[in-house]
Structure formats: structure tokens, C-alpha cells
Amino acid sequence: MPTDRPNAAELVEAVREFLSDHIAPNVEGQLAFHTRVAINALAIVERTIAQGGAMDAAELDRLKDLLDRDGNLEDLNEELSRAIRAGEMDDRKEALLAHLRQTSEDKIALANPRYLTKRG
Amino acid sequence: MVEAVQNPDLTADQQLADVLRDRLASEYGDGTEIEGLVRLSGGASRETWSFDALKPDGGRQPLILKRDPMDRQVDKTFEGVPEGRLAVDRLTEGRLIQLAGAAGTPAPTVPFFLSADEHTTPGFFTHRLEGEALGRRILREDAYANARPKLAFQIGHAAACFHGLDLDTLPEMRGLPAAEELLHYRTIMDSFQQPHAGFEYGFRWLRERLEAAGNRYTLNHGDFRNGNILVDENGLAGVLDWESAHLGNPSADLGWMCVRSWRYGYHDKVVGGFGDVTELLDGYEAGGGGRISPDEIHFWQVFGTLRWGILCMILGFTHLDGEQRSVEYAAIGRRAAETEHDLMLLLD
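Going down the list, the sequences are from chains L and G.
For the first sequence, my numbering gives the first residue as 1, with consecutive numbering after it.
For the second sequence, my numbering gives the first residue as 1, with consecutive numbering after it.
Think of the hints as simulated: they come from the structure by calculation, not from any bench.
Computed from a predicted model, the values in this text were never measured in an experiment.
Where is the CB? At the ideal position from N, CA and C, for every residue including glycine.
Among the hints, a few may not be true.
To be clear about the criterion: a stretch of chain L counts as covered by chain G if any three or more of its residues have a C-beta under 8 Å from a C-beta of chain G, and this derived list gives those stretches [claimed, not checked]:
(1) 32–42
(2) 69–80
(3) 84–92
(4) 102–108
Distance condition first, Cα-Cα at most 25 Å in a straight line; then the derived SDA-like pairs of lysine to any residue [stated by the list, open to error]:
(5) G/K269 x L/L116
(6) L/K93 x L/E79
(7) L/K107 x L/A50
(8) L/K118 x G/R148
(9) L/K64 x G/K269
(10) L/K118 x L/F33
(11) L/K107 x G/G333
(12) G/K269 x L/N112
(13) L/K118 x G/G265
Work out the full structure: start from the sequences and follow the hints.
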């Protein structure tokens with residue numbers, strides 16, 4: 001990936017700051033709401049760039065263990081979904097749940113980390 | 001109240017004002033005027049307007065109009081799901097609010113309807129009630145400190161009232177027993193062709209416990225949650241937004257009220273962030289709905305959590321499929337992660 005700085009993460013950050021500092025204070029109503037939504041979406045992208053690679057690697061390791069086979073993330077997730085639906089994971093429920101819980105924690109850490117702590 | 005939003009199209013407002021003057025003249029008399037017409041936010045797929053009618057006799061009636069959107073329809077269809085989303089049209093919605101109110105559910109008065117013609121989509125009017133509908137404010141503001149401890153019981157009571165409506169008295173509407181409703185959302189998820197192990201586990205968990213769902217079949221509000229109730233300082237003032245009404249298991253409404261997403265962080269209060277399940281069930285029993293087991297509520301709480309996840313996916317894919325490009329829908333698509341997280345807390 002040939003690139004100069006600012007890199008992808010830094011560009012997304014720049015756009016988010018622009019929306020946050022210069023657009024959000026100057027709009028109201030529906031446009032203000034959608035601006036906040038856009039700012040949050042860019043923050044998801046920033047967290048994904050920063051943490052997504054390590055999460056993918058750990059998820060792939062877990063899936064290989066759980067399914068006892070090799071493959072890429074997409075194939076193994078498809079296989080896991082099929083196996084759960086077919087009842088083939090019923091005898092490995094604890095290991096399955098541990099994987100699903102870790103996966104959902106990682107997803108929320110990217111999508112909306114404040115969901116776990118925010119009140120009101 | 002819900003926040004007002006700017007409407008960029010003033011001529012549309014003008015056109016609506018003409019429609020309203022015309023319609024209200026036939027109810028309140030010639031010369032009825034419209035004051036303070038403003039569009040309320042909350043729901044991109046419907047138009048909700050607030051205004052006062054100034055009657056020729058000098059009286060003032062605060063009103064809400066809810067009608068189908070003039071510009072577009074965003075009811076998504078799905079491969080293999082002939083009925084699309086479970087929902088009712090505006091005339092049915094207004095009629096259901098009337099029936100629920102007559103059955104003892106706090107609900108706004110629906111005095112008359114708006115028929116579709118070349119100037120307007122169909123809709124219905126309600127007398128505007130005072131109170132707060134925003135879930136966060138209901139949980140946070142001092143004004144509702146005395147209301148909050150009563151709400152779970154009152155909501156259970158209100159649900160028992162409209163769940164008790166005789167099916168023969170209801171307008172024609174769609175419905176699905178529990179097993180078929182589960183299949184309904186299963187088919188919708190499959191139509192997106194995005195493998196989702198967490199939701200698969202949720203579907204399997206539910207399918208194996210279907211006997212816990214119970215077998216009653218009644219009117220369902222369909223979106224019975226903190227956010228669709230109007231609250232004043234005395235507690236529940238009205239049950240709002242009946243557009244997702246359908247026939248199904250009544251505990252689906254109660255379980256939906258317990259989904260974590262509308263607790264806004266007040267997770268120790270399972271019911272809407274303001275109450276306990278026991279209070280909800282006590283109110284339900286007091287309203288004539290019978291005693292529902294905690295297991296049945298748990299089943300429907302899991303079902304509701306999964307259903308909200310699928311609904312998030314629907315909006316995400318409404319954007320992705322190009323039916324309605326929207327940064328809001330795109331962002332809601334990722335809120336499925338919140339429901340997946342909640343699901344994992346509920347499942348064993």
C-alpha cells in the first residue's frame with residue numbers, strides 16, 4: 001500500500017474533526033443529527049484501522065481452533081454459521097459461546113464502545 | 001416532546017396547511033385556521049405534524065397528524081418474505097388507537113382521519129397530549145421522578161387492556177404465531193447473505209425453546225418500548241406509534257419492553273430503564289392479562305433482542321442495496337453489534 005502521510009487513519013481523523021469543529025456547530029435540526037451520525041461513523045473507521053488487524057488475527061485463530069480446520073475469516077465464519085444452524089456445534093457449546101462473546105465484545109469495541117458504559 | 005426539525009420545503013408546508021384547513025373545516029366549521037404547523041422528528045418513514053386548530057367558535061384544539069410520507073416509501077421487501085415487514089396502514093393504525101383507548105389503554109383520542117387524494121397521503125389525527133416521549137428524558141429528568149416507579153406496572157396494565165381486545169373486533173391485519181414469526185426474521189436475515197454466527201446462535205436457542213413462547217394469539221403493538229410511550233409527572237399518559245401492530249403472541253410486546261437498547265444505560269431496571277419485570281407482570285395481571293411466567297418473558301426478551309438486531313440489519317441493507325442511501329441507515333446497520341452483545345448476555 002504505497003502512501004504518504006497523512007495516512008488513511010489521519011485523513012479520516014481530519015474529516016471527523018472538520019465535521020465536528022466546523023460543521024456541527026453551524027447546523028441544526030435533521031442536518032445536525034446526521035452530522036453527529038457521520039462523526040460517529042468516522043470514529044468507527046478510525047477504531048477499525050487502529051484495532052481491526054489484531055482483532056481479525058485473534059478471531060481467525062479462534063475459528064481455526066473451534067472448527068478444527070484451516071481457512072480465511074470469510075470462509076470460516078460462513079462455516080461456523082452453517083454449523084450452528086445445523087446443530088453441529090451443540091456438543092461444543094462452551095467453546096462456541098466463549099468465541100461468540102469475544103467476537104461480540106470486539107464488535108462493540110469498534111462500533112460503539114460507549115454502549116457498555118454510557119448512562120442517560 | 002420530540003424535537004422539531006427544519007423543513008426545507010416551505011411550499012410543501014403550505015400545501016399541507018391548505019389540506020388541513022380544508023379537512024378541519026368539515027369537522028369544526030368553515031373558517032377553521034391552522035397555527036404553529038411544525039414537522040416533528042422521530043421516524044423517517046412517516047410524517048408527523050403538530051399544530052393547533054383555531055375553531056370558528058374561538059376554541060383551540062392542539063392536534064397531531066400522522067400520515068404516510070409524500071415523497072417516498074421505504075418499506076423494504078425481502079426475497080422469500082411475501083408479506084414484507086409486519087405493519088399496518090395509517091387508517092388501521094388510527095382505528096387501533098381508538099380500540100385500544102376504548103379497552104382502557106392510555107392512548108390519545110383519534111377524532112378523525114385524513115383520506116388520500118391528489119394533495120395528500122392518508123393519515124389520521126390525534127388530540128395532542130402533554131408529556132414526554134423521549135426515552136432518555138423520561139429516565140433522566142427530575143420532572144418524572146415520581147412517574148418512573150409507577151411506569152412498569154402501568155405499562156403492564158395498559159398492555160393487558162389492548163391484548164384483551166377480541167380478535168373479531170380488530171380491523172384486518174397480518175399476524176404470525178411464534179414459530180412463524182421466528183421464521184419470518186430468519187428469512188429476512190438470510191436474504192442479506194451475510195453469515196452471522198451470533199444471530200445464528202440466537203435463532204437456534206429460540207427454536208429449541210419454542211414451547212416457552214406460549215400459544216396465545218392477540219393484537220400486538222409491535223414496537224412497545226420506552227420511546228413509544230408518552231409520560232407525564234403522574235406516569236403513563238399514552239401508548240404511541242402503533243404502525244408496527246400485528247397479530248402474534250402478546251408476550252412479544254412485554255419482552256420487547258425489556259430489551260436492553262431502550263434502557264439508555266439504566267440496566268439495573270430491566271423494563272425500559274425504569275422498572276422491574278415483576279412490576280410489569282403484576283400490572284399485566286391486574287389489567288386482566290393473567291399471570292405470565294418469567295420464562296416466557298425471557299424467551300420474548302431474547303426474541304426481541306434478536307429482532308432488533310435484524311431490524312438494524314434491514315436498515316443497514318436498505319442503505320447498502322441503494323433503496324435509500326442514508327448515513328443514518330448505514331450507522332444503524334452497525335448497531336446490530338449492540339444487540340449481538342445484549343444477546344450474549346442473555347443466552348446460555
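- Message: Which constraints among the numbered hints does this structure fail? Numbers only, ascending.
- Response: 9
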